[in-house]
Every structure is written in C-alpha cells, then in structure tokens.
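Engineer: Using the hints, position chain P against chain E.
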Amino acid sequence: GEDVEQSLFLSVREGDSSVINCTYTDSSSTYLYWYKQEPGAGLQLLTYIFSNMDMKQDQRLTVLLNKKDKHLSLRIADTQTGDSAIYFCAETYSGAGSYQLTFGKGTKLSVIP
Amino acid sequence: DVKVTQSSRYLVKRTGEKVFLECVQDMDHENMFWYRQDPGLGLRLIYFSYDVKMKEKGDIPEGYSVSREKKERFSLILESASTNQTSMYLCASSSEEERTSASGELFFGEGSRLTVL
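So the sequence lines, in the order shown, correspond to chains E and P. Going left to right, the first sequence walks through residues 11 to 123 as the working numbering numbers them. Going left to right, the second sequence walks through residues 59 to 175 as the working numbering numbers them.
The hints are simulated quantities; they were obtained by calculation from the structure and are not laboratory data. Backbone N, C-alpha and C define an ideal beta-carbon position, used for all residues, glycine too. The reader is advised that the hints may include incorrect statements.
[Stated by the list, open to error] Here are some, though not all, of the chain E residues that point toward chain P, as calculated from beta-carbon distances under 7 Å:
| # | residue |
| --- | --- |
| 1 | F19 |
| 2 | P49 |
| 3 | G52 |
| 4 | K115 |
| 5 | G116 |
| 6 | L119 |
| 7 | V121 |
Here chain E stands alone, though its shape is the one from the complex (with noise of 0.2 Å):
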C-alpha cells in the first residue's frame, strides 16, 4: 500500500535553517503536503505543491520535490523557536473513486535558542 517516510526528529539551532525530508511510495500522487502541529493543537496545512511542480517558495518556507526519487523535503529558513512543532508529510492517494490522504508519521523539530 501507500507509505510515507519520514524521520522522526530533526534539531537545530534558532537563526539555522531546517531540512525536513520525506519519501513517498505512489507515484500517482498528485498533490504533496505538509502540515504542522504545535503543541496541545489540531494539524494545519502549512504548504502544499503539485506533481508537476519542482519547487515552491513561499516566504521562508521552500519545498522540493524530485519525483524520480519520490522526495519531497521542506527548507525552513532562519528558524525560529515558535517553528517548534511536528511536521508531517501526506500524500493523496485515490481509491474507490474518491482521494484520500495517507500521513507520515511526523517529524518533532526542536529549536534550540
């Protein structure tokens, strides 16, 4: 089935920027996300990019994707401490007629001050 890896925790040191990475497995996927949890909070859609895009920017976020090798990675520039939080990857999938969301299971950043 659909899987999305990710690497469980990241840290790095405020003013640095971070690389979160991800691989995904359906190569159909049409959309790319990421989403951010902060902490006692709900997910939010931090950013998304299409398939046949190759890079979005957007303010100090920036995301790659390279669908030869199914990498999606998210660059956030010049980290700050209110940027700590979970960030997860999701691809969609389709099945039944309809899309679905499959989650990695989240990177926990940590920013040092």
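Structural biologist: The following block gives chain P in isolation, referenced to the frame of chain E:
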C-alpha cells in the same frame, strides 16, 4: 474563521465504558474524518464520512463506530473502551470540492486526549 470543534479536550474512562467523542464543524463541509494519533505511529484513519448517514471504514476501524446524523456533526463511539484505545483522537473535515479535486486540505480540530484505565 473556519472551525472544527471537538467537545472534550481530555477524557478519562474506565475499561468497558462506552465513550462518545463529538466533533462539529461550521464550514458546511461534506466530508468528515476521525484519526487517532500515537507517538511513533503518526495519524491513522479510523472512519470517514462523505455525506449524512454515510460512513466508510478507514485503516483501523476495529473497536470503533461512528454516527453522522447531521452534516455538521460526526461522532466517534467506543462501544467498550479498552486500554489500547488510550490515544489522541483528531477530527477533520474538508469540502467536497477539495476531495474531488484532490487538493486535499483537511481542517483539524484540536484533538481529544482519551485515557482508558
């Protein structure tokens, strides 16, 4: 401001009790979902619904049931709670347009942390 509200943030129940987790959304979304979140396992889909009175099993439906009597409300039911159902439960919703276009944005509630003793 869009909102998905889960009525209970924290619950403590005993083994064998019946548990209701309520979720209400105010965005007129057709689609609603229940996930559980466990450390090291991420999010796993329990049940989802694309319409009133409609339900579909997700990846881990065993030990759970759901009810969708009204469009805005999706309830998760644990008929007889067990200790292995101790978890964080997350409700989410999305619009039908999002689902069929596969743009896929889900709106999540803040979660209900259930402890079964």
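Engineer: Take the hints in turn and mark each one as holding or not.
Structural biologist: Consistency of the hints with the structure:
1. Below 7 Å, beta-carbon pairs count as interface contacts, and F19/E has none with chain P, the closest being about 11 Å; its hint is therefore violated.
2. Checking P49/E against chain P by beta carbon gives a least distance of about 11 Å; that is not within 7 Å, so the hint is violated.
3. For G52/E, the shortest C-beta to C-beta distance to chain P is roughly 3 Å, which falls under 7 Å, so the interface hint holds.
4. Hint on K115/E holds. Least Cβ distance to chain P is approximately 4 Å, under the 7 Å limit.
5. Among the interface hints, the one on G116/E holds; its C-beta lies about 5 Å from the nearest C-beta in chain P, closer than the 7 Å criterion.
6. Contact between L119/E and chain P, as hinted, is not supported at the beta carbon level, the nearest pair being about 15 Å apart and thus beyond 7 Å.
7. With 7 Å as the threshold, the beta carbon of V121/E stays out of range of chain P, its nearest partner Cβ sitting at about 20 Å, so the hint is violated.
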